[in-house]
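K.L.:
These are the residues of each chain, in order.
Protein chains: 2
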Amino acid sequence: MNEADLLHFEDFRAGQIFRLGRHTLTAEEIIAFASEFDPQPQHTDPEAAKHSMLGGLAASGWHLGALAMRMMVDGLFIRATSMGAPGVDEIPWRKPVLVGDRIRLDGEVLDTRLSSPPDRGFVRFRFTMTRHEERRNGTLVMMFGWAVMFRRRVAV
Amino acid sequence: MNEADLLHFEDFRAGQIFRLGRHTLTAEEIIAFASEFDPQPQHTDPEAAKHSMLGGLAASGWHLGALAMRMMVDGLFIRATSMGAPGVDEIPWRKPVLVGDRIRLDGEVLDTRLSSPPDRGFVRFRFTMTRHEERRNGTLVMMFGWAVMFRRRVAV
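Residue numbers (my numbering), protein chains in the order written: chain D, 3 to 158; chain G, 3 to 158.
Since the hints were derived computationally from the structure, they do not count as laboratory data. Any given hint could be a false lead.
[As the list claims (entries may be wrong)] With a straight-line Cα cutoff of 25 Å, these simulated SDA-like cross-link-like pairs (lysine to any residue) come out:
#1 G:97 x D:149
#2 D:52 x G:92
#3 G:52 x D:72
#4 G:52 x G:101
#5 G:52 x G:42
#6 G:52 x G:104
#7 D:97 x G:116
#8 G:97 x G:108
#9 D:52 x G:151
#10 G:97 x D:92
#11 D:97 x G:117
#12 D:52 x G:4
#13 D:52 x G:86
#14 G:97 x G:53
#15 D:97 x G:147
#16 G:52 x D:92
#17 D:97 x G:83
#18 G:52 x D:103
#19 D:97 x G:89
#20 D:52 x D:72
#21 G:52 x G:25
#22 G:97 x D:146
[Stated by the list, open to error] Ranges of calculated distance between the beta carbons of each label pair, as one might list FRET restraints:
#23 G:122 x D:21: 16 to 24 Å
#24 G:31 x D:117: 28 to 36 Å
#25 G:43 x D:50: 38 to 46 Å
#26 G:17 x D:15: 41 to 49 Å
[To be verified] Just so you have them, the derived chain D footprint on chain G, three or more residues with Cβ under 8 Å:
#27 23 to 29
#28 35 to 45
#29 66 to 74
We put the CB at the ideal spot given by N, CA and C, even for glycine.
Bound conformation, chain D alone (with noise of 0.2 Å):
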């Protein structure tokens, strides 16, 4: 993708919406990650799930999280000019991902501001991840905010 076509500071302005990914959790996925990262029996095995507060198998939190990463990458970063961010608000884990589940990401851009450094700004997102079960709406499982920097398009 050349330069010129990749999304630029310049490009976003608030309200913008944009619909980042879908993704279907497996047990094989949510075991394999939570055995290197959140080995804990609700995230690592089947049984002692369903006795726990999630009420079965579920993604740890901190998966959700890398899960959400990658829809922004595939869905956003991979055709602008990120330039990453210096950290991420506050995450609240509203409701549960269990094996199954189908999750959505979505990113509303809420403001955009400059950066000192002049070649740069700020784009602040809201982020918000839904599940989604047959035949029924959308539950929230997760809403952050996050501030991304990137490249402007002009040189100033």
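Fit chain G to the supplied structure of chain D, relying on the hints for placement.
P.N.:
Coordinates of chain G only, in the frame set by chain D:
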């Protein structure tokens, strides 16, 4: 481990410090995580990463969060009555972690408070990840607050 030997809500108090673990990051694990969850050149391509803002192949911020979780589980939750957490506070990434950097996670109890369900309470921690190079003091990588639920020892 017997239930009685686990750390319960009543066993935590403000000011307690937990040394949670150390880990040295390899290029292979940085690339493996990023290939799955954060496929951007600064995390997946050692050559391209040299020219990035991070100065070399660096772990994804989400990878650092996941590694912190693993150190919390191994260093604390595995011997405690952790019941999970409803979310995680804002996570600022202050400095990158490059290949070969040794990271360390410490946790300090900020406060404890009972929850509405009488069988549990919240323990709020400040977790601090530092990066250690040869013969230098630790550099702050990230620091974040987190309120985690623990079962109470006494039936009430």
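K.L.:
State the violated hints by number, sorted upward, taking the hints as numbered earlier in the document.
P.N.:
Failing hints, ascending: 2, 16, 18, 20, 23, 27.
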